[in-house]
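**Student:** Chain by chain, the residues:
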Amino acid sequence: MKATIIKELFWLVLSSVISLFLAFIFLFMLDLTSSQGSLNSIEKTFVVQLYLIGWFISLISVYIFRIITVAIKKYI
Amino acid sequence: MGSKWENYPFELLSTISYFSYKVDPLTGFYTDENHEQIKEWRNTAMVDSAKAKNTRVLLTVSCHGHDNNNEFLDNEDRWDVLINTTSDLLLNRKDSIQGDGIDLNFENLPYFKREKFNRFVKKFKRDLDNKFEKENKEFFLSITLPAFNSKDNFDVKELQKHADLLIIMGYDYHIGDEAQGAVAPLQSSENSSLSLLSTIQHYQQQGIDPSKTILALPYYGSLWVGSLQQSGNNVINTSTFEKPLTYSEIRKKYIDNDQLNIDPFRDEKSMTNYYSLNFEDNTTQELWFDDDYTLRKKYDFALSNQLKGVGIWALGYDNGYDDLWNVIEDKFSTDKKVIVNPIAESEGYPIKLSKYLLRYKSIFITAAVFFLMTVILAFLVLLFDWNVRNSIIKNQLYFLIFVAIVFILLLPITTLIFNGLNKILPMGNVFIKPQWIYYLSYFIGVITMFFAYRIKIKPIKRP
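Chain order of the listed sequences is A and B.
Each residue of the first sequence is one higher than the one before, starting from 4 at the first, in the numbering used here.
Each residue of the second sequence is one higher than the one before, starting from 677 at the first, in the numbering used here.
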């Protein structure tokens, strides 16, 4: 039980760190453009919010990845 | 009125009111300028045509203006003159076809004449009831109520004791000196608190009887004209109210005008259409109007508030077009229609959720693509495991599932690849048309299935 908790905690930390990078891919895919040459303050705040959304989606994605691989390996 | 009435589909109208007997506040008789209209009322074949279709015919008695109402209501002798004149006009028409009643249209009633107006209506109803009784007829009285201006000055609880019908004039919200906006906004905008909703809520709070009340809606729009002027770095549009336009005029000059060739916007909040036009000479036009769609929603609003029905201001404004009549036929010729309150509909969860999804659709689509890529990646990574590969090859069911998954994932994969190529390649979107992706994905899928069944792979031995 203790080992499982430690393992899951490790996965949570690792997933969070991976998600920090994957969130940039999420932002890239959104293809955000500014009406001016550089982002204004509202747009900057908006991008930070989107980055956090991207981080959360990435975290879910990592767990989806884990569930699929573990489930198929176990079933097969 | 002329001969426009000949086109009215009376079978769709329960009541029609001839406009109007203009009260001379100093006598109670009609005004001098009103002679021609009264003459027309005495002779018009409209009354006969309407009654042939069981449409009730009223004569509107109008007295507009603060001072005029003050003057008229202060002198009860003038009430008698009005009562005698109108009863004569109803019961002694030239063709001996009698009118059914009166619509009292007193606008800008002073607050301090509230009680006198109550007494006047009571006496008016009682006296005309008596006169009609002598003819073995029933007298019908309707009273128009303002949408916003001086609406507190009408004591609806008292008035509805004597009136057979109360007509809320649900128009003229933004016209004349008012700011640009809808003639009959369903809900109020940021610039104004006035709307059909606030009007109905006000009268409901006053205790109006909805089964005696109808909501009159406009068959006209309002036009503002202005010009664009440079002020420093900004361009300012200074516009003023030009005139009301009837629905027929709007159809001819704007909607059906091939030279204009612009579709109007629809403001969902006010449930009203509008044009905002800028011309080459820096002049501007802004037009707000209702059409069959917006009026349908407003009829739904009236009916969902348990009102008796709707009214039209004014008949003939849509001359030459049937679309508005079609809505009335659709809504009111049967009681089996399901009525949905358009405000509740727009604020209900299905619409709210749809709006939310549409607003953030790029985020949701990107998230969905992200999850899909995760699934694809998970399958790809699994294929590196010899045990998984072996199971797929050995087991016919797993093999079929694997091929089916590949087949399903082909369309998004192909779309992603070609979208990426479209961005990268200099030829841009010429490279492949979007619909080709579907055909291509299907083709690749069929080829994959074909070869997947043909290729025989020896089972992998456990290392």
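Check before you lean on any hint, since a few could be wrong.
Stated by the list, open to error - Per label pair, the in silico range of CB-to-CB distance:
#1 4(A) with 1035(B): 24 to 34 Å
#2 873(B) with 4(A): 38 to 48 Å
#3 51(A) with 742(B): 56 to 66 Å
#4 1119(B) with 73(A): 48 to 58 Å
#5 17(A) with 1122(B): 32 to 42 Å
#6 13(A) with 1059(B): 17 to 27 Å
#7 73(A) with 866(B): 32 to 42 Å
Stated by the list, open to error - Here are the simulated DSS-like cross-link-like pairs (lysine-lysine), alpha carbons at most 25 Å apart as the crow flies:
#8 1037(B) with 47(A)
#9 827(B) with 810(B)
#10 76(A) with 1070(B)
#11 984(B) with 77(A)
Note that these hints are calculated values from the structure, not bench results.
Even for Gly, the Cβ is constructed at its ideal location relative to N, Cα and C.
**Student:** Hint by hint, note whether the structure agrees.
**Tutor:** Consistency of the hints with the structure:
1. In this structure, residue 4(A) and residue 1035(B) break the distance hint of 24 to 34 Å, their C-beta atoms being roughly 45 Å apart.
2. A hinted range of 38 to 48 Å is violated for the C-beta pair residue 873(B) and residue 4(A), which are about 60 Å apart.
3. The hinted window of 56 to 66 Å between residue 51(A) and residue 742(B) holds, with their beta carbons roughly 59 Å apart.
4. Here the CB-CB span from residue 1119(B) to residue 73(A) is close to 34 Å, at odds with the stated 48 to 58 Å.
5. Range check, residue 17(A) to residue 1122(B): about 41 Å between beta-carbon atoms, so the 32 to 42 Å window is met.
6. A C-beta distance of roughly 26 Å is found between residue 13(A) and residue 1059(B), which places it inside the suggested range of 17 to 27 Å.
7. At roughly 53 Å, the beta-carbon separation of residue 73(A) and residue 866(B) lies outside the given 32 to 42 Å, and the hint is violated.
8. Under the criterion of a C-alpha separation no larger than 25 Å, the hint pairing residue 1037(B) with residue 47(A) is consistent with the structure, at around 20 Å.
9. Restraint check: the Cα-Cα separation between residue 827(B) and residue 810(B) comes to about 35 Å, which exceeds 25 Å; the hinted pair is violated.
10. Distance check on the hinted pair: residue 76(A) and residue 1070(B) sit about 15 Å apart at the alpha-carbon level, within 25 Å; holds.
11. Distance hint between residue 984(B) and residue 77(A) is unfulfilled; the C-alpha atoms sit about 67 Å from each other, more than 25 Å.
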